[in-house]
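If you read the protein sequences in the order shown, they are chains A and B. Each residue of the first sequence is one higher than the last, beginning at 1 in our numbering. Each residue of the second sequence is one higher than the last, beginning at 1 in our numbering.
No lab work stands behind these hints, which were simulated from the structure alone. A virtual CB, placed ideally from N, CA and C, is assigned to each residue, including glycine. Misleading hints may appear alongside valid ones.
To be verified - Listed next, the stretches of chain A that the computed footprint assigns to chain B, with coverage defined by at least 3 CB atoms under 8 Å from CB atoms of chain B:
1) 34-48
2) 239-251
3) 412-422
4) 467-479
To be verified - Simulated crosslink set (DMTMM-like; lysine to aspartate or glutamate; CA at most 20 Å straight-line):
5) B:Lys566 x A:Glu135
6) A:Lys365 x B:Glu443
7) A:Lys365 x B:Asp554
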Amino acid sequence: MLTALVLLPVAAAVVVALIPSRRRELHLPVGIALSVLPLALAGYLFWAFQAEAGYQFAVDAVWYEPWGISWSLGVDGISLPLVLLTALLVPIALGASTAISKRTKEFVVYTLLLEAGMIGAFLALDLFLFFVFFEAILIPMYFIIGIWGGERRIYASVKFFIYTALGSALMLAAIIGLAFNYSEQFGTLSFALEDLMQVTLSGGTERWFFAAFALAFAIKVPLFPLHTWLPDAHVEAPTAGSVLLAGVLLKLGTYGLLRFNLSLFPEASVDAVPIMGVLAVIGIIYGALVAIVQPDLKKLVAYSSVSHLGFIVLGTFALTSGGLQGAVIQNVNHGLTTGALFLLVGMIYERRHTKEISEFGGLQKVMPVFAGFFLFMTFASIGLPGLNGFVGEFLVLVGSYATLPVLAIIAAFGVVLAAIYLLWAYERVFTGIPDKEENRVLLDLSPREIGLLAPLAALVLVLGLYPSVLLDKIAPSTESVLDHIESTTDYVTPEPGRLDDVYVAEEGDS
Amino acid sequence: MPVEMLWLVIALPLLGALFLHFLGRRIGEPLSGWLASAAIGTSFLIALVAAFPFIEGGAHGETSLLWEWMPAIGASLEIQWDPLAALMTLVVTGVGSLIHVFAIGYMHGDERFGRFFTYLNLFAASMLTLVLAGNYAMLFLGWELVGLCSYLLIGFWYTRPSASAAAKKAFVVNRIGDFGFMIALMLVFTSFGTLSFAGVFERAPEILDTGTATAIGLLFLVGAAGKSAQVPLYVWLPDAMEGPTPVSALIHAATMVTAGVYVIARSAAIFDLAPAASTTVATIGAITALWAATIAIAQRDIKKVLAYSTVSQLGYMFLAVGSTAYVAGIFHLMTHAFFKALLFLGAGAVIHAMADEQDMHKMGGLLKRMPTTAITMGIATLAIAGIPPLAGFWSKDEILASVFERGGWFSVLFVVGLITALLTAFYMTRQWVLVFLGEPRWEEGADPHKAPRVMSVPLIVLAVLSVVGGLINTPFRLTLEHFLEPVWEGISIQHPPEGIGMFLILGGLSVFAGLVGVAAAYMTYRRPMESWRSFEDGFEPLWGAWEDAYRVDDIYGRTLVAPGRKAAEVSAFGIDLPVIDGAVNGVAAVFTDLGRRLRPLQTGYVCNYAALLLAGGLVVVAWILAGGL
């Protein structure tokens, strides 16, 4: 079934590619319709997934035996939410792309291939396979930014490409190194994650390998100070590109840190906690500060991503149940809210052909529905309890305090800054009297646009109030990550960092 | 009414809000207002039924789990129903219902009438979430949601830039308080392994050392100072008056702003272990009470007087709960809800009648035009001034007496409280006289008219409550105290001194202060404008400082906002672009140059890159393997 999940978007891409170019009006609708299939399958996956540790629906087929590479897929509580998120955001991103007028067919094909790559990367349990997906993603994204982007699209796409590719070069080296180590110790080559977790490494090597992986993922996240490709990429990318970039692609970084760095290099991970934690918190504060004064709405949202993703990294390296759960669910939360914010920015850009905050003002008067959605997502992003953003951030903050108290406190200040940059932006764009003629004639959202945003808004609310839908499925997997670290290193999670430490009142207590 | 059913109290206004959100415009005015009122009114009735066991006495608090929220940090949505929750619920829904009804008249003709009641109902649901919470996480949920509603309602007239700015300011300043609150919650969870009241309060004495308890207490104070507008975080509340007046009455006087007082009273088990934190609470409260009272004296805007008065009265409540006189604090919270809501609604009726004029210099002589408003506001004025037997006298007296009984440092706070009582009586009487007595100073064309019935009835009900509300806790009959007793079982509470003699002495003192204030203001402002203008000028430069609210906003602007902005600009344009991105582009330039020289080797960009990548990777591997694994 997981193989089908990876191949469905590819098949969809083929179908779209086969539609003759003269029937260009069909490309996008067919693409959207077909992209619902992986979503349906992902939905089934979610329904059938048991809240247990370990990989489910595992597929394992030999790919290239001499090198010990296999087509090995599996899903657990860490990857499941991301697969769902990807499958959800692709139809929405396509649905938001009606303004794409040139080379629509290619656009749809690239987007669907991108989806296949992203789902594949989240499901891959073989490091070589993972790397193939991880790299393959760059190509469609490179084209999406480079062909359908804004004025400086070439600069942005090349920067994006080179930056992320550089990081992965070192990771590839480390992957190969790991496989060689495995073969030295066990006699055969293997790239399977489970196998490579058995490898014993000397302290120095483990650190180097950790660093190589961490660099690749830190660029992807992006972690301070490796973030400057992101605002450029976002500003130039078309709406769909931004939605998928922020919604999913960045999560490859946070996912990779959690999945591979913690599992493969537990000792080095424990040692790296201070460094990663400090970088994460710098990102939170610095990203927020920079966001405050951005004159461009899209850039503001991009920098807010730098800030929000910092929470995920902090939670990951807090090495507590709350921190890890928060990190995983924050992946989804950020994807939903920031994805929605980029959609919204795209919608106003299509109308006004500008993203400059100073060009707007008083939009609430002319576009009340748009303003309502924007404000809703703004508060989700600010971390208002009851909406999804809070759940991830609060789990991370409270979860981190046990191990990283000072950093958790500094990070908490990020929520103050988030309120400043987002509400100030809202004030300037939406309130007051619309004094520019161009703004006075804007049309409010169409039913199609509302249809794109409504499911996201509903999920924001559901995950905010009843996150157990996901947390119950996430928890066993994050617990097993901690179990693995505790069993392979001297690390002991301080109380009450583990789920079992949570106090439960005895029966009959009031 | 079993505790399992109490979620209804929250759900009804929430459903009202949802319904009105989607259909409010269609069902229009005034039906949407009546629906919203019915929703919160029903909540009031349910709460009343559910509170009966406590009134009869002997009933214990109960909890009911709604659902797990974030189990890894002990966060769940659970309702706790005890006398304190019951009292708060009754105040919120009771006063809330009256204000809902009043708003039907006040918001008449507003194009977003339905939306207003959506927000009002949402606020009620949020506030009830806060007071019914049995878990700090759920309390924080309500805490933030009331902040959201406050934001939405302050900025309700969003085309006014000042309203939008005030809304943002309120939310951001509150967030600064929340920053402290969140750290408190981190500490609570790390200490107790849960955020549930049940798991925290009973185990507090065995788990918390004084240092941690003090830290948690002080951090709660930071949060409470934001929400309840205490020094130094009070600056958002006066600006919040940009919202429609019923909002000021409900949110920024009677209910939301008392959340900080509630949290401290609720967390008494923690403050019990942290006397230093309690003393700090009391001191902040006393400073705030006096500070804001001096500002209130010199305000010209009818709502600004009430805003600073609210800040000042909240200071009284902090003084009470900080002195561990929790009953007195909650008592004053309740009576204040009555008379301050009344004052705001009355001010609203005046503003309404004067065609949106808020400057008291342009009022005067309104007694004849709107007698109901004048008389009800007069009652509230005497109540807040602490004139017996009105409600404010009993609660304020109980606070002052309890603080006096504490002795030591608290004696100083007692004196501050007494001076504040005098100032309060002065500025409130000044307001009433300026608005209702003397010669009319209206501008041409003003035609003040009586408030419609839908507005005057809530005024009358609140006036009755302002008269008799204090009788539920007099030294002769401590009904409220007995009612609330089970909440603070096993915690040391400060009581007023025993005996009728001390009551007469302390009561006499505070009544004297009140009478002096009332009389002085009456004598001064009853006279013609030139006379009291010269009286005010006689206090220069002090009067100017008060009128400008000590220019605190300017000071914050220069010392906090401007440097913060500078930091953001330096980060963005001084570091991010030139340094970090510059370095990246610099490195890139080197490689581009290299690439140009190697161009002959290249055929196509991406394919080549892949080959290069692989080759590079292999080189590194070779290097690692050779370099001594």
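Against the structure, the hints:
Counting residues of the region 34-48 of chain A whose CB lies closer than 8 Å to any CB of chain B gives 0, which falls below the minimum of 3, so the coverage claim is violated. Counting residues of the region 239-251 of chain A whose C-beta lies closer than 8 Å to any C-beta of chain B gives 0; at least three are required, and the coverage claim is violated. Counting residues of the region 412-422 of chain A whose CB lies closer than 8 Å to any CB of chain B gives 6, so the stated coverage by that chain holds, three being the minimum. Counting residues of the region 467-479 of chain A whose C-beta lies closer than 8 Å to any C-beta of chain B gives 4; at least three are required, and the coverage claim holds.
At most 20 Å may separate the alpha-carbon atoms for a hinted pair to count; B:Lys566 and A:Glu135 exceed this at roughly 40 Å. Of the supplied pair hints, the one linking A:Lys365 and B:Glu443 is violated, its CA atoms being roughly 32 Å apart against a limit of 20 Å. Our distance criterion of 20 Å between C-alpha atoms is broken by A:Lys365 and B:Asp554, whose separation comes to about 31 Å.
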